[in-house]
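> Here is how the chains run, residue by residue.
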Amino acid sequence: GEDVEQSLFLSVREGDSSVINCTYTDSSSTYLYWYKQEPGAGLQLLTYIFSNMDMKQDQRLTVLLNKKDKHLSLRIADTQTGDSAIYFCAESIGNTGKLIFGQGTTLQVKP
Amino acid sequence: DVKVTQSSRYLVKRTGEKVFLECVQDMDHENMFWYRQDPGLGLRLIYFSYDVKMKEKGDIPEGYSVSREKKERFSLILESASTNQTSMYLCASRRQGINEQFFGPGTRLTVL
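In the order they appear, the protein sequences are chains V and W. Residue numbering for the first sequence follows my numbering, starting at 1 and increasing by one per position. Residue numbering for the second sequence follows my numbering, starting at 1 and increasing by one per position.
Only chain V is shown next, with the shape it has when bound in the complex (with noise of 0.2 Å):
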């Protein structure tokens, strides 16, 4: 079935560069997300990539996707105390609409 896997814990120092990083199963999902989920709120999209390009980059953000190893990552340039929080990797499954999503990356910045 489908699966989705990231590391529980990454802690950086302010300014650091941070990267979060994800595996995933199906070679037909269509697209992969992150979303960023603050403490005591709901998640909120950050950014996504269809599966046919590998890299898309927002600002801070650079998301590299490698299809043939199924892995995604997501670097944070620049990485503040505001962007302290659970990142979820998340991959879509054909046109159903659902989401598979990862155990959640917790990212603690460091002043």
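Be a bit skeptical, because a hint or two may be false.
Capping the alpha-carbon separation at 30 Å, the derived lysine-lysine pairs in DSSO-like fashion look like this [what the hints assert, rightly or not]:
1) V:36 / W:3
2) W:70 / V:98
3) W:70 / W:53
4) W:3 / V:56
5) W:71 / W:13
6) V:110 / V:36
7) W:70 / W:3
8) W:71 / W:18
9) W:53 / V:98
10) V:98 / W:71
11) W:55 / W:13
12) W:57 / W:13
13) W:53 / W:3
14) W:57 / V:70
15) V:98 / W:57
16) W:13 / W:3
17) W:71 / W:57
18) W:55 / V:98
19) V:98 / W:3
20) V:68 / V:110
21) W:55 / V:36
22) W:57 / V:36
23) W:18 / V:98
24) V:36 / V:56
25) W:71 / V:36
26) V:67 / V:56
27) W:3 / W:57
Treat the hints as calculated values from the structure; they're not laboratory data. Computed from a predicted model, the values in this text were never measured in an experiment.
Starting from the known structure of chain V, arrange chain W on it as the hints suggest.
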């Protein structure tokens, strides 16, 4: 701005009680979803609905049911709450054919 609201932020119930979690969206979205979020497990899909009066089981539907009588409202029902249903419950909605799901703030349910 899309707004997805959930009826309660925090809820405490007793084992065996019937529990209703309500979700309302104001953007006329066709699709609505209920997830539960547990540490180390991420979000898992309980039920979803493509449109009014339609429902589909997700990955973990056991112990839950849903109701979608109106397009804007999607209710999650725990027929007889158990302690293993203590969790954060998140509702989301999506316009048919559009990628993004919009999430509510979540309801943290504790079953004693």
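> Hints first: check each against the structure and report whether it holds.
Comparing the hints with the structure gives:
1. For the proposed pair residue 36 of chain V and residue 3 of chain W, the alpha carbon gap of about 17 Å is at most 30 Å, so the pair holds.
2. Between residue 70 of chain W and residue 98 of chain V the CA atoms are separated by roughly 21 Å; this keeps the pair inside 30 Å, and the hint holds.
3. With a CA separation close to 8 Å, the supplied pair residue 70 of chain W and residue 53 of chain W stays within the 30 Å bound.
4. A distance of roughly 27 Å separates the Cα atoms of residue 3 of chain W and residue 56 of chain V; the hinted pair therefore holds under the 30 Å criterion.
5. Note on residue 71 of chain W and residue 13 of chain W: the hinted pairing holds, with a Cα-Cα distance of about 28 Å set against a maximum of 30 Å.
6. With a C-alpha separation of about 18 Å, the suggested pairing of residue 110 of chain V with residue 36 of chain V holds against the 30 Å cut-off.
7. Between residue 70 of chain W and residue 3 of chain W the CA atoms are separated by roughly 16 Å; this keeps the pair inside 30 Å, and the hint holds.
8. The hinted pair formed by residue 71 of chain W and residue 18 of chain W meets the criterion: a straight-line CA distance of about 23 Å does not exceed 30 Å.
9. The hinted pair formed by residue 53 of chain W and residue 98 of chain V meets the criterion: a straight-line CA distance of about 18 Å does not exceed 30 Å.
10. The hinted pair formed by residue 98 of chain V and residue 71 of chain W meets the criterion: a straight-line CA distance of about 18 Å does not exceed 30 Å.
11. A hinted pair counts as satisfied when its Cα atoms are at most 30 Å apart, and residue 55 of chain W with residue 13 of chain W qualifies at roughly 26 Å.
12. The hinted pair formed by residue 57 of chain W and residue 13 of chain W meets the criterion: a straight-line CA distance of about 24 Å does not exceed 30 Å.
13. Under the criterion of a C-alpha separation no larger than 30 Å, the hint pairing residue 53 of chain W with residue 3 of chain W is consistent with the structure, at around 21 Å.
14. The suggested pairing of residue 57 of chain W with residue 70 of chain V holds, with an alpha-carbon distance near 27 Å, which does not exceed 30 Å.
15. This hinted pair checks out: residue 98 of chain V and residue 57 of chain W have alpha carbons roughly 11 Å apart, not beyond 30 Å.
16. With a C-alpha separation of about 27 Å, the suggested pairing of residue 13 of chain W with residue 3 of chain W holds against the 30 Å cut-off.
17. A distance of roughly 18 Å separates the Cα atoms of residue 71 of chain W and residue 57 of chain W; the hinted pair therefore holds under the 30 Å criterion.
18. Using a Cα cut-off of 30 Å, the hinted pair residue 55 of chain W and residue 98 of chain V holds, with the two alpha carbons roughly 13 Å apart.
19. The straight-line distance between the Cα atoms of residue 98 of chain V and residue 3 of chain W is roughly 20 Å, inside the 30 Å bound, and the hint therefore holds.
20. For the given pair, residue 68 of chain V sits about 34 Å from residue 110 of chain V by alpha-carbon distance, which is inconsistent with the 30 Å threshold.
21. For the suggested pair residue 55 of chain W and residue 36 of chain V, the alpha carbons sit about 27 Å apart, so the restraint of at most 30 Å is met.
22. At most 30 Å may separate the alpha-carbon atoms for a hinted pair to count; residue 57 of chain W and residue 36 of chain V meet this at roughly 25 Å.
23. Restraint check for residue 18 of chain W and residue 98 of chain V: satisfied, since their Cα atoms lie roughly 27 Å apart, inside the 30 Å limit.
24. For the proposed pair residue 36 of chain V and residue 56 of chain V, the alpha carbon gap of about 17 Å is at most 30 Å, so the pair holds.
25. Distance hint between residue 71 of chain W and residue 36 of chain V is fulfilled; the C-alpha atoms sit about 27 Å from each other, no more than 30 Å.
26. Proximity of residue 67 of chain V to residue 56 of chain V is assessed by CA-CA distance (about 14 Å); at most 30 Å being required, the pair is judged to hold.
27. For the suggested pair residue 3 of chain W and residue 57 of chain W, the alpha carbons sit about 24 Å apart, so the restraint of at most 30 Å is met.
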